[in-house]
Amino acid sequence: MVEWTEQERSIITNIFGNLDYEDVGSKALSRCLIVYPWTQRYFASFGNLYNAEAIKTNPNIAAHGTKVLHGLDRAVKNMDNIKATYAELSVLHSEKLHVDPDNFKLLADCLTIVIAAKLGSAFSPEIQATFQKFLAVVVSALGRQYH
Amino acid sequence: MSLTEKDKAAVKALWAKISKSADAIGADALSRMLLVYPQTKTYFSHWPDTKAGSEPVKKHGKKIMGGVGLAVSKIDDLAAGLLELSELHAFKLRVDPANFKLLAHCLQVVIANMFPKDFTPEAHVACDKFLANVALALSEKYR
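The listed protein sequences derive, respectively, from chains F and Y.
My numbering numbers the first residue of the first sequence as 444 and each following residue consecutively.
My numbering numbers the first residue of the second sequence as 439 and each following residue consecutively.
Certain hints may be false.
Claimed, not checked - Here are the simulated SDA-like pairs of lysine to any residue, each with C-alpha atoms no more than 20 Å apart in a straight line: (1) K489(Y) to A565(F); (2) K499(F) to R484(F); (3) K446(Y) to P480(F).
As the list claims (entries may be wrong) - Which chain F residues stay away from chain Y? Per the calculated CB distances, all over 10 Å, these: (4) W447; (5) E449; (6) F459; (7) L492; (8) N503; (9) A505; (10) N521; (11) A527; (12) A530; (13) D552; (14) V580.
What the hints assert, rightly or not - Among the chain Y residues that face chain F by a calculated CB cut under 10 Å, a handful are: (15) R470; (16) L473; (17) P476; (18) A490; (19) Q546; (20) V548; (21) I549; (22) K555; (23) H562; (24) D566; (25) L574.
I should point out that these hints are in silico values taken from the structure, not numbers from a laboratory.
As the structure is a prediction and not an experimental result, all values here were calculated from the model.
Heads up, the beta-carbon is just placed ideally off N, CA and C, and yes, glycines get one too.
When you get a sec, could you build the whole thing from the sequences and use the hints?
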């Protein structure tokens, strides 16, 4: 069972409450595809991913990044039950999408970097620790239904 | 995943922009690593304080960035250039190499945080490759 302090809960709800989903989602996913190019294997049907510029301006990637980020909303709203909340999504990623769960951590790291770039001095070490704890729980829940 | 000429140029360009703030970057990254990955504190049980802003953290962060700067200057042959540091980490410090990734992540978080316009995805991938290669060079002598 993951324990959250009141402070941790408010940090997470604050970050997501003030988030520009389109901007951060598209930046995080495109950064992941550029920094860890093997992740492009899951996006073969998304069009031109030939170089960093193409990835950054690809509208399908931008839309998908936004979708993925909104997927995190479920965890924000159900922080005490993230494991159960993501059971279906975990099955989806395993059985249908066949995503190697190691990739979840790569995207999480890119998301952290994008948020760090956005929040500047507000992204204190404590806030980073809470944000990464949250993402680690999500990543773990998404990998749980893999067999 | 070895460094191409393009990667090396990108790393040197990024270093040129951030090196004046090296001490601050090192201290910030180290304190974040100790907080975000508490298991890393096990290597610093001899410090009275591992919190951000403490003297040992600031001093050590500066030392680490000295190593990063050395690595940038020896980017064409990291194994040779970091030989002494590798022996230090292998025989004296014996830091589990898995931890190099954790510090590398925190370094990049700090760089993104302090230099958001410069830490583009292109700079990020070159930097990530560079730090991975530094970690490899540091673990050369482990076994």
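Verification of the hints:
no. : hint               : in the structure
1   : K489(Y) to A565(F) : holds, 18 Å
2   : K499(F) to R484(F) : holds, 17 Å
3   : K446(Y) to P480(F) : holds, 18 Å
4   : W447               : holds, 16 Å
5   : E449               : holds, 19 Å
6   : F459               : holds, 19 Å
7   : L492               : holds, 13 Å
8   : N503               : holds, 17 Å
9   : A505               : holds, 14 Å
10  : N521               : holds, 23 Å
11  : A527               : holds, 26 Å
12  : A530               : holds, 27 Å
13  : D552               : violated, 6 Å
14  : V580               : holds, 14 Å
15  : R470               : holds, 5 Å
16  : L473               : holds, 5 Å
17  : P476               : holds, 9 Å
18  : A490               : holds, 6 Å
19  : Q546               : holds, 6 Å
20  : V548               : holds, 8 Å
21  : I549               : holds, 9 Å
22  : K555               : holds, 9 Å
23  : H562               : holds, 5 Å
24  : D566               : holds, 6 Å
25  : L574               : violated, 17 Å
In summary, the structure is inconsistent with hints 13 and 25 from the numbered list given earlier, while agreeing with the others.
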